[in-house]
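Read top to bottom, the protein sequences are chains A and B.
With my numbering, the residue at position 215 of the first sequence is 215, and numbering never jumps.
With my numbering, the residue at position 269 of the second sequence is 269, and numbering never jumps.
Hints are not guaranteed to be accurate.
Claimed, not checked - Simulated restraints on C-beta separations:
no.: 1; chain 1: A; residue 1: Arg228; chain 2: B; residue 2: Asn218; range: 45 to 55 angstroms
no.: 2; chain 1: A; residue 1: Asp123; chain 2: B; residue 2: Leu224; range: 46 to 56 angstroms
no.: 3; chain 1: A; residue 1: Ile191; chain 2: B; residue 2: Gly101; range: 49 to 59 angstroms
no.: 4; chain 1: A; residue 1: Lys337; chain 2: B; residue 2: Ala221; range: 42 to 52 angstroms
no.: 5; chain 1: B; residue 1: Ala221; chain 2: A; residue 2: Arg228; range: 46 to 56 angstroms
no.: 6; chain 1: A; residue 1: Ile191; chain 2: B; residue 2: Val329; range: 21 to 31 angstroms
no.: 7; chain 1: A; residue 1: Leu157; chain 2: B; residue 2: Asn218; range: 38 to 48 angstroms
no.: 8; chain 1: B; residue 1: Ala221; chain 2: A; residue 2: Val113; range: 35 to 45 angstroms
no.: 9; chain 1: A; residue 1: Tyr181; chain 2: B; residue 2: Ile255; range: 17 to 27 angstroms
no.: 10; chain 1: A; residue 1: Tyr121; chain 2: B; residue 2: Ala103; range: 53 to 63 angstroms
Because the hints were derived from the structure by calculation, they are not lab data.
Idealized CB from N, CA, C, for every residue including glycine.
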Amino acid sequence: MGKAKSKKISSSTFLLLTTIILFVVMYAAGMIIFNDKGFAKPQMFLNLFVSNAGLLVIGCGMTIVMITGGIDISVGSVTALVCMVCAFAMERMGMNAYMAVLVALAIGLAFGVVQGYLVAYLDIQPFIVTLAGMFFGRGMTAIVSTDMIAITNETFLKWAKFHINLPFGTHNQKGEYLPAYIYPSVVVAIIVVILVSIMLKYSKFGRKLYAIGGSQQSALMMGLNVKRTKFQAYVLAGFLSGLGGFLFCLNSCAGFVEQAKGLEMDAISSAVIGGTLLSGGVGTAVGTLFGVLIKGTISSLITTQGTLSSWWVRITLSALLCFFIVLQAVIAAVKKKGN
Amino acid sequence: MSKEKGFNWKQITSHHLFMPVVCLIVVCLANVIKSPDFFKISISDNGVLYGSVIDIINRASELVILAIGMTLVTAASGGQDISVGAIMAVAAAVCCQILSGGAASTSEFQNPFILAALAGLAAAMLCGLFNGFLVAKLNIQPMVATLILYTAGRGIAQLVTQGQITYIRVDSYKVLGGYIGKCPIPTPIFAAIISVVVAYLVLNKTALGLYIESVGINGEASRLVGLNSTRIKWMAYVICGFLAGFAGLVNSSRIYSADANNIGLNLEMDAILAVALGGNLLSGGKFSLAGSIIGAFTIQALTTTLLSMNVSADQVPVYKAIVVVVIVVLQSPVFKKQMAVWKARKSSNSTEGGRA
């Protein structure tokens with residue numbers, strides 16, 4: 001009995017534990033090496049959330065899709081399209097910021113509905129469908145405008161620049177007290193992580209997702225409506241990428257064609273590093289949160305270091321993704337042997 | 001007599017190359033309607049062939065080379081290699097960096113061309129080896145596995161060229177992407193023809209083509225009858241990497257430089273499209289090399305047409321994405337079944353109507 005329990009922990013939580021330990025080690029190393037550059041300040045830690053709020057929300061959507069055994073590589077392009085359309089609507093068409101939020105969510109939903117229909121009801125490989133979505137989104141962005149549009153809408157900028165001060169902070173060189181702060185986008189992102197966690201763990205829908213990812217055939221035999229659940233998963237992921245895209249936009253305050261290039265890779269690697277299995281059936285939103293934090297730590301380590309090219313962020317992240325994929329494959333092989 | 005003719009017609013329409021050829025003809029017809037001298041080929045002042053068709057065939061060369069590799073990968077593993085564009089950039093970067101001896105621009109070879117080209121191809125094969133390891137050995141879905149190099153590849157190429165564009169201003173470097181001496185036909189066309197012929201010979205004169213199909217249809221069964229499934233899949237990825245590297249060299253020679261950001265940009269999508277348009281199932285199994293090659297020409301013709309209609313290069317992917325979705329929907333078993341049910345209902349309705 002005890003043995004069975006320990007085995008269960010090793011298979012489902014081992015990856016998550018590895019991730020958390022990796023994050024703590026990386027961050028601690030950064031604090032020791034770059035202490036003089038302010039890496040140990042609490043604001044530096046909060047900045048991980050501030051600059052990755054959009055990615056966090058998109059990562060949650062990716063986790064949901066990946067739990068069903070699918071994938072969505074259109075998220076980067078959806079983000080670019082959302083940013084561009086919001087910027088275009090507010091700057092060139094005089095739309096107000098509240099409408100822009102709705103437009104952003106509608107774009108995400110539209111992508112989710114179309115891709116979900118193709119994947120779930122027509123049974124086409126998710127990769128092909130979302131690859132087409134990725135090129136479609138990027139191309140549409142260029143059709144809206146090929147110029148870079150900076151957002152100057154007052155309400156929007158107020159949201160983007162609004163500081164939520166936290167009850168702690170640091171003193172600068174002159175001895176002034178600087179409270180640590182976060183942006184509203186961080187609050188939204190954290191709420192999404194909590195809601196998705198609760199949904200995955202306690203709702204019927206969440207349990208269905210795991211059942212389908214574990215074995216689609218068994219889920220069908222159990223009487224679950226596999227097609228509809230898959231469809232809903234893609235719609236939800238699409239909605240979250242629309243929301244995430246808007247948060248991303250709050251951070252960048254501009255729309256341009258090359259924006260968020262490779263974001264799909266960041267989202268997938270965050271989910272995988274956070275313990276989501278590529279084959280489906282396993283994954284948590286909290287794991288993805290740590291995946292995003294690791295990604296954030298890598299990029300702030302490289303920026304703080306200063307001399308390394310920004311390409312190193314992508315390369316390191318890819319290497320980490322590769323490492324975790326191999327780890328997953330090894331664990332799966334060991335499990336198979338055990339059985 | 002008429003019955004026999006009808007039979008022949010059906011035989012033609014059900015041939016696997018029928019749809020690809022029809023697509024190509026449709027694109028060409030659209031061009032002819034738009035500009036009547038589409039098929040006109042003339043000889044320009046400096047003695048080379050000149051015309052829209054020549055231009056399309058010339059530009060399609062890299063795509064044809066990529067499509068061969070993509071077809072094999074698709075057939076063997078039921079997935080696509082989306083890192084081919086990035087591998088092209090890596091091969092070009094390695095080759096140019098060796099030629100220039102590390103400088104950003106050079107007007108003479110610092111190292112022999114053969115050495116540099118081989119190094120570029122070796123780097124590309126290494127990428128293929130890596131992809132193959134993940135897919136064949138670790139059983140990771142092909143597109144996730146190749147996504148790693150899709151994002152990291154261009155970063156690696158940037159590191160090789162130290163973030164700059166390496167120019168090789170030597171005339172002999174431009175041969176591969178330009179013209180051999182006085183020959184009026186652009187060299188890339190020869191490169192594509194050679195690749196196709198070699199691939200055809202290897203696949204049809206040895207059992208490799210058959211092995212790849214059988215692994216793609218049922219890997220486990222192939223293993224049980226004594227084929228080394230893992231090695232065959234792995235080989236497909238290495239071949240794909242090699243061909244991507246070759247395409248990268250051709251492309252780099254065209255612009256006599258290594259532009260890590262732009263060489264092979266969005267070409268992975270074109271290559272996948274070529275395979276799908278050629279009537280090959282994206283889920284693997286049986287494949288038709290000829291179909292993919294026709295598909296590649298169709299895609300290039302489509303791209304050139306769109307560009308000539310003042311669609312900006314950034315916007316072209318929208319139309320291609322729509323084409324991809326339409327093809328995969330038409331290919332999907334669910335859709336085919338639905339169509340069959342619909343047809344059967346229609347015919348039964350008409351017979352019932354006839355009785356009444």
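Now the hints, each set against the structure:
1. Under the hint 45 to 55 angstroms, the C-beta atoms of A:Arg228 and B:Asn218, about 31 angstroms apart, miss the expected range.
2. At about 27 angstroms, the CB distance of A:Asp123 to B:Leu224 disagrees with the hint of 46 to 56 angstroms.
3. Separated by about 56 angstroms at the C-beta atoms, A:Ile191 and B:Gly101 satisfy the suggested range of 49 to 59 angstroms.
4. For the pair A:Lys337 and B:Ala221, the supplied restraint of 42 to 52 angstroms is violated, since their beta-carbon distance comes to about 22 angstroms.
5. With their beta carbons about 34 angstroms apart, B:Ala221 and A:Arg228 fall outside the hinted range of 46 to 56 angstroms.
6. Hint check: A:Ile191 to B:Val329, Cβ distance near 37 angstroms, so the stated range 21 to 31 angstroms is violated.
7. Taken as a hint, the range 38 to 48 angstroms is violated for the pair A:Leu157 and B:Asn218, whose Cβ atoms sit roughly 59 angstroms apart.
8. The hinted range of 35 to 45 angstroms is satisfied by B:Ala221 and A:Val113, whose Cβ atoms lie roughly 38 angstroms apart.
9. Between A:Tyr181 and B:Ile255 the beta carbon distance is about 48 angstroms. The supplied range of 17 to 27 angstroms is therefore violated.
10. As the Cβ distance of A:Tyr121 to B:Ala103 is approximately 56 angstroms, the hint placing it in 53 to 63 angstroms holds.
Of the numbered hints listed earlier, those contradicted by the structure are 1, 2, 4, 5, 6, 7, 9.
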